[in-house]
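2 protein chains.
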Amino acid sequence: MKILILGGDGYLGWPTAMYLAHKGHEVTVLDNLMKRRWEAIAGVTPLQHLPPYQDRVRLWNGHHADNAIDCRICDIAYNKRYFDEIFETFLPDSVVHYAEQPSAPFSHLSAAAGVETQQNNLLGTLNLLYTVMRHNPECHIVKLGTMGEYGTPNIDIEEGWLDVEHNGRRDRVLFPKRPGSIYHLSKVHDSANLEFAARVWKLRVTDLNQGIVYGTDTDETWLHPELYTSFHYDAIFGTVINRFIAQAAKDRPLTVYGSGGQIRGFLNIVDTLRCIELAVEHPADRGEFRVFNQFTEEFSIQELALRISKLFGARIEHLPNPRVESEDHHYKAKHTALPELGLEPNFLTDEVLGEMHKFVYKHRKNIDETVFKPDVLWRT
Amino acid sequence: MKILILGGDGYLGWPTAMYLAHKGHEVTVLDNLMKRRWEAIAGVTPLQHLPPYQDRVRLWNGHHADNAIDCRICDIAYNKRYFDEIFETFLPDSVVHYAEQPSAPFSHLSAAAGVETQQNNLLGTLNLLYTVMRHNPECHIVKLGTMGEYGTPNIDIEEGWLDVEHNGRRDRVLFPKRPGSIYHLSKVHDSANLEFAARVWKLRVTDLNQGIVYGTDTDETWLHPELYTSFHYDAIFGTVINRFIAQAAKDRPLTVYGSGGQIRGFLNIVDTLRCIELAVEHPADRGEFRVFNQFTEEFSIQELALRISKLFGARIEHLPNPRVESEDHHYKAKHTALPELGLEPNFLTDEVLGEMHKFVYKHRKNIDETVFKPDVLWRT
Chain P
5 MKILILGGDG YLGWPTAMYL AHKGHEVTVL DNLMKRRWEA IAGVTPLQHL
55 PPYQDRVRLW NGHHADNAID CRICDIAYNK RYFDEIFETF LPDSVVHYAE
105 QPSAPFSHLS AAAGVETQQN NLLGTLNLLY TVMRHNPECH IVKLGTMGEY
155 GTPNIDIEEG WLDVEHNGRR DRVLFPKRPG SIYHLSKVHD SANLEFAARV
205 WKLRVTDLNQ GIVYGTDTDE TWLHPELYTS FHYDAIFGTV INRFIAQAAK
255 DRPLTVYGSG GQIRGFLNIV DTLRCIELAV EHPADRGEFR VFNQFTEEFS
305 IQELALRISK LFGARIEHLP NPRVESEDHH YKAKHTALPE LGLEPNFLTD
355 EVLGEMHKFV YKHRKNIDET VFKPDVLWRT
Chain H
5 MKILILGGDG YLGWPTAMYL AHKGHEVTVL DNLMKRRWEA IAGVTPLQHL
55 PPYQDRVRLW NGHHADNAID CRICDIAYNK RYFDEIFETF LPDSVVHYAE
105 QPSAPFSHLS AAAGVETQQN NLLGTLNLLY TVMRHNPECH IVKLGTMGEY
155 GTPNIDIEEG WLDVEHNGRR DRVLFPKRPG SIYHLSKVHD SANLEFAARV
205 WKLRVTDLNQ GIVYGTDTDE TWLHPELYTS FHYDAIFGTV INRFIAQAAK
255 DRPLTVYGSG GQIRGFLNIV DTLRCIELAV EHPADRGEFR VFNQFTEEFS
305 IQELALRISK LFGARIEHLP NPRVESEDHH YKAKHTALPE LGLEPNFLTD
355 EVLGEMHKFV YKHRKNIDET VFKPDVLWRT
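Sequence lines, in order, name chains P and H.
All letters in the first sequence, in the order written, are residues 5 to 384 by the numbering used here.
All letters in the second sequence, in the order written, are residues 5 to 384 by the numbering used here.
By construction, these hints were calculated from the structure, which means they are not laboratory data.
Do not rely on the hints blindly, as some may be mistaken.
It does not matter which identical chain is used: a pair holds within one copy or between any two.
Claimed, not checked - In silico SDA-like links for lysine to any residue, alpha-carbon gap of 20 Å or less:
(1) Lys206 to Pro326
(2) Lys336 to Asp167
(3) Lys338 to His68
Chain P on its own, in the form it takes in the complex (with noise of 0.2 Å):
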């Protein structure tokens, strides 16, 4: 199958593109490279030294020349023309876009980062279904949303789509959102745009509302000592098992924002790679909105903070929140349509985290600690 991958120089673009070509798939990989300015701009930098985007794919097709990956640099929101070259001249079956800002914290660093952040990421989504539009109708879109869209609502989260009864009529409607950031509410609105498509334009979607990823390796990573992925641990952009990790790593105490009592799901960044290559391996159908949650787990932040201190003799501290959430609330969210693909999750185990601390507790000397502490608050 021919796969063009958007974002493939990120944390999660780039051990993808890794794996759906040793699977055999011919990719191509794609990338601004903004985020690379972007770490930059909050003074953050990766675990260890990421080598250029461009070499990285030469060193895996010097190692791999059967799965040889094609990279470009393109951004997809400005660089329209040669995008649609890009696009026309592969004709992907499929393309997974990750080519968007992530960080909730970064987009509420400034009035600048909030606008360039929505700007990039709703600009970007929407040129490509332009694109796919006019080139090929065909092409499933899998676009990566967030778990964060829906927010901490006081019922039950379903897969994107719910069922409503409301005086005495009935109606499937999209799931209500209540994102909790600048990022957030991105992808929210790339979420109304690509049901949009779906709905309107007939282009076949699936919006993966992904959880927490946490991990440092894949089955590819291992391959050469120089294939890793950027792994953050900062404030910023490191996720919070990660951050956790490194902090245990570093014997610095493990930052709860708040009472820790906030419920979010997880997944492990092997899970990742594999319900990408599930939900190309069955596209959704033409005129089709598909939503998966995608996680395989639920914690609280004190639930793993608990864990990990213990694992590891970190002490836990509890700052003031700098986001605006809540620290106790209901959270019950369906997350079943990737298992019934195929999905075989591969839990937060201790042996897991274990693997994780080991990693980080290698390059520690890198860590720099100032860069835990979170400086960006929601309400300013």
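Place chain H on chain P using the hints.
Just chain H now, kept in the frame of chain P:
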């Protein structure tokens, strides 16, 4: 009260500015004049030649020195610094935000027009939120949305919010949207951003989901022969009743899309002004996202065509529907909030239609018959 009106050169913005100035409010209008370019792109002009923005304000100020309007040219999506400066200097109590690309067909003219619609509308509104938060979070934002955000769900439409019960639990959620165009989507995105700004940043927001406006004149446009507003009768910018009246005045058939069974909410342009006044005089609370459905009557398109046909002897022509929309659907939408605040509707009487027809008939030599035809297809 100090009121900043965004989009002061438009069909509704201009009469709103005169109306509120006439009532004794201190009014600043702002416009980027982009609508004049969009008209040029669509190849259409209003019924009467529209004098330059600055000339209209000068004319008003010449006759109404005590109720003078301050006039600025600024693009809120891109001239952020100048917009901040205008806002900070004037420090309005309310901002009335009309400054958006206002046409669904325009947003489907091309990929470029669709992207520009969402970019302009979303970025302008988002910048407004940051400006208000920075310079005066007490300022009340009155934003023009549209009933088209809801689409035509199979359940009754409430005013912005819906009480849902699901699996035995309850919540009050944003009313689920099913917008019918790229333009309508832009307003849905705006509403999501506005709700966030109220919930998280504690701004005061009123989102007015307006029906389809009709009418040529208001109390102030009569005050001088050149204070008229921009009246469109074409298939891109002309709303349906205005277009039917122009078709009747030109002895052309009334162009109904499909069966005409589509039901929509409507209101007279003079009621728009009164609704804005009521919203401004009764501001939302800090942290409140208040939604009013702003229309006074519901009609099907066929019903309107029959009435106008009967009154003025015009023929009805059913065209293949260029849009993707249901022509046979449930439609019951609540609209009690504005009457409760004091709105006394001006209904679509035969007299009102007669006055409109008289006005348009007087200018019928200006009517270009070729722009009645709906050339823009939703699905190509």
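Status of the hints after comparison with the structure:
In this homomeric assembly, Lys206 and Pro326 come within 20 Å of each other (Cα to Cα) only across copies, at 16 Å, whereas the closest approach inside a single copy is 42 Å. Taking the shortest alpha-carbon separations for Lys336 and Asp167, both the intra-copy value of 16 Å and the inter-copy value of 19 Å come in at or below 20 Å. In this assembly of identical chains, Lys338 and His68 lie within 20 Å of each other by CA distance neither inside one copy nor across copies; the values are 39 Å within and 62 Å between.
When held up to the earlier numbered hints, the structure conflicts with hint 3 and nothing else.
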